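Participant: Listed below, chain by chain, are the residues.
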Amino acid sequence: MTGRLKSVALALLAPAIAIVLSILVTTLVIAAVGSSPGEFWSTMFEVPKPRLRVDIVNQTAMIYIAAVAAAIGFRMGLFNIGLEGQYTIASFAAASFAGAAYLGGFANVIASLAVAMLVGAAWSGIAGLLKTTRGVSEVISTIMLNAIAVTLVGYFLNNYGVKEGNTVHTKNLEPSSTLGGFSPFEDRDGEIWALSIVALLLGIGFWVLLNKTRFGFDLRASGQSESAALASGINPKRMILISMMLSGAVAGLIWMPALFGGARNYGTSFQVGLGFLGIAVALLGRNRPVGMLFGALLFAFLSVKSNDLTFGTDVSPSIVQITQGVAVLAVVVTYEVVRRWRTRLEQRAVSRELTGTTAGATS
Amino acid sequence: MPSAVDAVQLRGIGKRFPGVVANHDVDVTIRPGTVHALIGENGAGKSTLMKILYGVQRPDDGTIAIEGEQVVLKSPTEAIEVGVGMVFQHFMLADNLTVLENMVLGAEKLHGIGDGARTEIRRISDRFGFDLDPDVLVERLGVAARQRLEIAKVLYRGARIIILDEPTAVLVPQEVDALFENLRELTSAGNSVLFISHKLDEVLAIADDITVMRRGTTVGTADPATATKQELAELMVGSELPSPETEESTVTDTVQLSLSDVTLTDEFGRNLLSDLSLTIRRGEVLGIAGVEGNGQAELVETIMGMRIPTAGRIMLGDEDVTHWHTRRLREAGIGYIPEDRHRHGLLLDAPLWENRILGHQTRPPSSKGMFINRRGARKDTERIVADYDVRAPGIDTPSRALSGGNQQKLIVGREMSGDPVLLIASHPTRGVDVGAQAAIWDHIKRARRAGLAVLLISADLDELIGLSDTIQVILRGRFVGTFDPAKVTPQDLGTAMTGGAA
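From first to last, the protein sequence lines are chains A and B. For the first sequence, counting from 1, position 1 maps to 1 in this note's numbering; every step adds exactly one. Convert by adding 1000 to the 1-based position in the second sequence; the result is the number in this note's numbering.
No wet-lab data here; the hints were simulated from the structure. Keep in mind it's a predicted model, so treat the numbers as computed, not measured.
Derived BS3-like pairs: lysine-lysine, alpha-carbon spacing no greater than 25 Å straight-line:
(1) B:Lys1368 to A:Lys212
(2) B:Lys1109 to B:Lys1074
(3) B:Lys1379 to A:Lys212
(4) A:Lys305 to A:Lys49
Stretch by stretch, here's where chain B covers chain A in the computed footprint (C-beta under 8 Å, at least three residues):
(5) 214-222
(6) 225-232
All C-beta atoms, glycine included, are put in the ideal place defined by N, C-alpha and C.
Build out the structure end to end from the sequences listed, making use of the hints.
Facilitator: See below:
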């Protein structure tokens, strides 16, 4: 029992150190530029207003979906930096499809989600194919595909979009295809989008896939040791392609809660940057479903709350990005340190176990 | 040696890692101005010893004396300071920099980074016949020139004792000759070379002295003027260990595995395996003897479906499995004990019970349909831990924490699960202690009695002779002889392994 307790404590050690470090660094930076850290932290830690609370939940959902998409790649040892491009092009495709209203009502929503996943998977599949057939690093190809996706979407939007004043967007969703949400507070505070539930389902699905299925085992094995995976009968190329496409399919869903919840079209309301936030949160949460949930919540909280800084203090809201960045860096470093320390502890435990039974060396 | 002070004296060097003794009681003496060869099979402890001499790792016991001075080396920098330099098997060069830039990188203080350095490089290059142009980009250099650059780098930093880790592994025969010319120039100028290799021909051609390592310690020295390849091979693999005695034959008439004229060609069109044919019957152990690097690894990977043969046919029972991939072969009942357990046999950071699943993902008790059967896998891991005497605190311990012998017992237990019809055992007892070795031998013998067909690859000739029903000798990708282990001696095998001539 104490062993279990100890391992939980060890698991929490790294994120705790990381958070303390990032608070420390942020404080130093604010002090260095001559603002008041106290003012900053009191604004940040103030209980958010109901409107912001709703925002935080919605943002958490989208960041979490992005994190799951990134984590699928990471667990396999793939660095899918292309989430950004994948969800951009998938969101545009899904918004166009939904706006065209080939189907009515809820069927339209489901079909559009399928379109988003297919387009996301196809886009990441390009990088997967390049890697398996030509050995092109997915890091390079996905970065390039990001740029191509943005350009392509811009081109189609300008040529086929609906012009409205200075802005262009895809055709608005029919009212029957927009999904209501859930207003926990007063109506003016906004709604938690219905499709935020997708994040929860993906989190559960990710956990089941990873820990309970053969595919998940193959994925983790490939990520831990490519050579051992090969010798165990896993086809590495097939795994790369499948996991890359799976990551892209999930990435396709990132912005869907917003599309069907509030935005109703792909245009100026499209939120960029969620893909990169997802990568950061996957690192922060160590690609674990629960860890990433806390990471997504933390990042959403910081991002949303930073808006308060504009009115309340003379600290720039951008300072929050430093906090986020340091948190990620610190978590990566401290996890590695804690991991090595743990390995040593475990080896010592084994040696202790064996003293007396063999003449094995203990140190 | 009467007058000159020894270049290097290693006395009683010992190094322990958790659960493994990597080196113990190692004694090596390198005379100045000589090429000293250090030979031994993989895993004999050569690389640990090199790392100790180059300051990468610190010994737990023993002393190091360089040119008569006792030294304690805490880092490669300190090793360089006392004149010890090392050229690794994998070159450490920046392709997009010039020869000059690579040379001065990290040694800017010695001769600057301009003409001073250029002059010094030319001097070294001319003196030893390295033929290096300081201003050529490294990416334009061939493998042999890169190696000369690596050696020059070490000399540039003032090394007088140069460690070369398997320098000929990457070279073609002509380049090897050229390298040996360079080495002779080096030693005639008073430098000493520690030459690590397991290619006996080359060692005999270049070395002035030979030290042999086995199982972590130095087991003898030889004089290249009088020693034969056979004697060296015997020293390397040993023949005084307790022999694993076969009992009466259990060979049946049913052929379990047959290869006919299997050929495997690499991307350059060279034959790695040429027209190999073999049959293994149920209850038979076929041993493959050979000096390492003669196609054993490729043979195993071909049978395991990790490589697909260029020509020929592989039959498992009465099914043609030539084009099957690993998973299908494993599902058909092939167990596989890989040569390198860390790279191919284990997920080091995963707990024991997850390692039980590895390679058995698609079969009970590890899985049920598309799902992993956690309870089944854990229960079966408990069984393996008990039956195969795997010493571990529990099945949730990561496999990394186990000693080599216990890791190997876990792998053997896993590969024997699920009633395999064929076992591919590649160096099954390499790097494990004597107790684990005996246990693994027993398990193989028991399975053989129960009708298992076994392909055994080993560098330990006693193991081969003791366990096999038939021994085939492999040399440069071909079978060059079949022996009856009841009648063959390690000497006979050694002769065949090195190409006939004694």
